[in-house]
Amino acid sequence: MIKPEGIILHDTAGRLDKGNCVSWFLKKEASASAHLVVERDGSVTQMVPFNIKAWHAGSSILDGRSGCNGFSIGIEIVNPGKLEKTEGGYRSWFKKVYTEADGDIRAASSRYHGDGYWMDYTEAQINSVTDICSALATKYDMNFIEPHWFVSPGRKRDTNPLFPLDHLRTFALGRGDNGVERVEKRVVATSLNVRGGAGIGFEKMEWGPLRGGGDS
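So the sequence shown is numbered by the UniProt record's numbering: it starts at 1 and just counts up by one.
No lab work stands behind these hints, which were simulated from the structure alone. Treat the hints with care, as some may be off.
Said to hold, decoys possible - Dumping the calculated SDA-like pairs for lysine to any residue here, alpha-carbon to alpha-carbon at most 25 angstroms: (1) Lys18 / Trp55; (2) Lys156 / Arg111; (3) Lys27 / Gly70; (4) Lys3 / Lys139; (5) Lys18 / Asn127; (6) Lys139 / Ala124; (7) Lys18 / Arg106; (8) Lys28 / Asn69; (9) Lys156 / Gly103; (10) Lys3 / Ile52; (11) Lys27 / Phe94; (12) Lys18 / Trp93; (13) Lys139 / Pro49; (14) Lys96 / Asp120; (15) Lys156 / Thr86; (16) Lys139 / Asp166; (17) Lys96 / Arg155; (18) Lys3 / Leu173; (19) Lys156 / Gly64; (20) Lys27 / Lys96; (21) Lys95 / Glu84; (22) Lys95 / Arg15; (23) Lys3 / Val48; (24) Lys3 / Tyr140; (25) Lys85 / Lys96; (26) Lys18 / Tyr117; (27) Lys53 / Glu5; (28) Lys156 / Asp17; (29) Lys85 / Asp17; (30) Lys156 / Glu29; (31) Lys156 / His113; (32) Lys27 / Gly81; (33) Lys95 / Trp24; (34) Lys27 / Asp41.
To be verified - Quick list of simulated restraints, FRET-style, between CB atoms: (35) Gly114 / Asp17: 23 to 29 angstroms; (36) Val97 / Ile61: 34 to 40 angstroms; (37) Arg111 / Lys28: 36 to 42 angstroms; (38) Gly154 / Ser23: 27 to 33 angstroms; (39) Arg155 / Glu84: 16 to 22 angstroms.
C-beta atoms are modelled at their ideal positions from N, C-alpha and C, and glycine is treated no differently.
Sequences are here, hints too, so could you generate the full structure?
What follows is the structure in C-alpha cells.
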C-alpha cells in the first residue's frame with residue numbers, strides 16, 4: 001500500500017495501436033506496470049489501484065528520496081518515443097516508420113533530451129492527462145508532477161520535449177515552471193473515459209476514477 005504524494009508521467013515508447021500497452025502490461029513477462037494508460041484518442045485504462053505500488057519509475061530519486069514507485073502514481077501516455085528521420089518518414093527504435101499521417105512530428109531538443117524528432121501528443125491525450133492530474137492532485141493533496149526523465153536523469157527521456165508540463169502543473173497544482181525549458185500548449189480539459197478493469201475488453205464506466213469506489 002502507498003500514500004501517493006505526486007504523479008510521474010511516462011511515454012509508452014511503443015506502437016500506437018490502441019490496447020497495445022495495456023496488452024503488454026497484462027502479460028506475465030512484463031516487468032513493469034503503471035496505474036493508468038492514456039491512449040491516443042484520450043481513452044484511459046486503469047491497471048493498478050491508486051493506493052497500490054506500481055512498477056513504473058524503476059531506479060529513481062526525487063528531492064533526495066529514492067524509489068519513487070513507493071510514493072507516486074504512474075501514468076503512461078501512448079507515444080512512440082524518439083524518432084530518427086529517414087527517407088520514407090521517421091523511424092522508431094522498434095523499426096516502425098511513422099509519417100505525418102500518423103501524428104504531428106517535429107524536431108525538438110532540450111539539454112535533457114538532446115536533438116531529435118518527436119511525435120506530439122494529441123489534444124485528446126493532453127485533455128485526459130490534465131483532467132486526471134487535476135482530480136488526483138485534489139483527492140490526494142499532491143505536491144509534484146514530474147516526467148520520468150526528471151526522476152531518472154540520464155537513464156530516461158520521457159515524456160518528450162513537446163509535452164506541455166508547465167500548463168499541466170499550473171492547471172493541476174496551481175503553479176508552473178520549476179526552471180526547466182518547456183513547450184507551452186493551451187488545452188481545455190474534458191471528462192475522463194475510464195474502463196472498469198485492466199483491459200480493453202472491460203466496459204467503459206460512466207464515473208471517473210475519483211468520483212466513487214474508494215481508492216482504486
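| field | Lys139 paired with Pro49 [C-alpha distance capped at 25 angstroms] | value | 14 angstroms, holds
| query | Taking 25 angstroms as the top limit, are the C-alpha atoms of Lys3 and Val48 close enough? | reply | 14 angstroms, holds
| field | 25 angstroms limit on alpha-carbon distance, applied to hinted pair Lys156 and His113 | value | 9 angstroms, holds
| field | Consistency of beta-carbon spacing, Glu84 to Arg155, with hint 16 to 22 angstroms | value | Given a distance of about 20 angstroms, which is inside 16 to 22 angstroms, the answer is holds.
| request: Starting from Lys27, check that the Cα of Gly81 is at most 25 angstroms away, please. | output: Answer holds: Lys27 to Gly81 is near 22 angstroms, not above 25 angstroms.
| query | Taking 25 angstroms as the top limit, are the C-alpha atoms of Lys18 and Tyr117 close enough? | reply | It holds: about 22 angstroms lies between the C-alpha atoms, which stays within 25 angstroms.
| query | Is Lys18 close enough to Trp55, meaning Cα to Cα at most 25 angstroms? | reply | 21 angstroms, holds
| Has the given pair, Lys96 with Arg155, been kept, meaning a C-alpha gap of at most 25 angstroms? | Cα-Cα ~23 angstroms, so holds.
| message | Checking one constraint from the list: CA of Lys3 to CA of Lys139, max 25 angstroms. Satisfied? | response | 11 angstroms, holds
| said: Checking one constraint from the list: CA of Lys3 to CA of Leu173, max 25 angstroms. Satisfied? | reply: 18 angstroms, holds
| task | With a cut-off of 25 angstroms on the C-alpha distance, tell me whether Lys139 and Ala124 pass. | result | With Cα atoms ~23 angstroms apart, Lys139 and Ala124 stay inside 25 angstroms; holds.
| query | Are Val97 and Ile61 spaced within 34 to 40 angstroms by their CB atoms? | reply | Roughly 36 angstroms apart at Cβ, these two residues keep to the hinted range, so it holds.
Violated hints are absent here; each numbered hint is respected by the structure.
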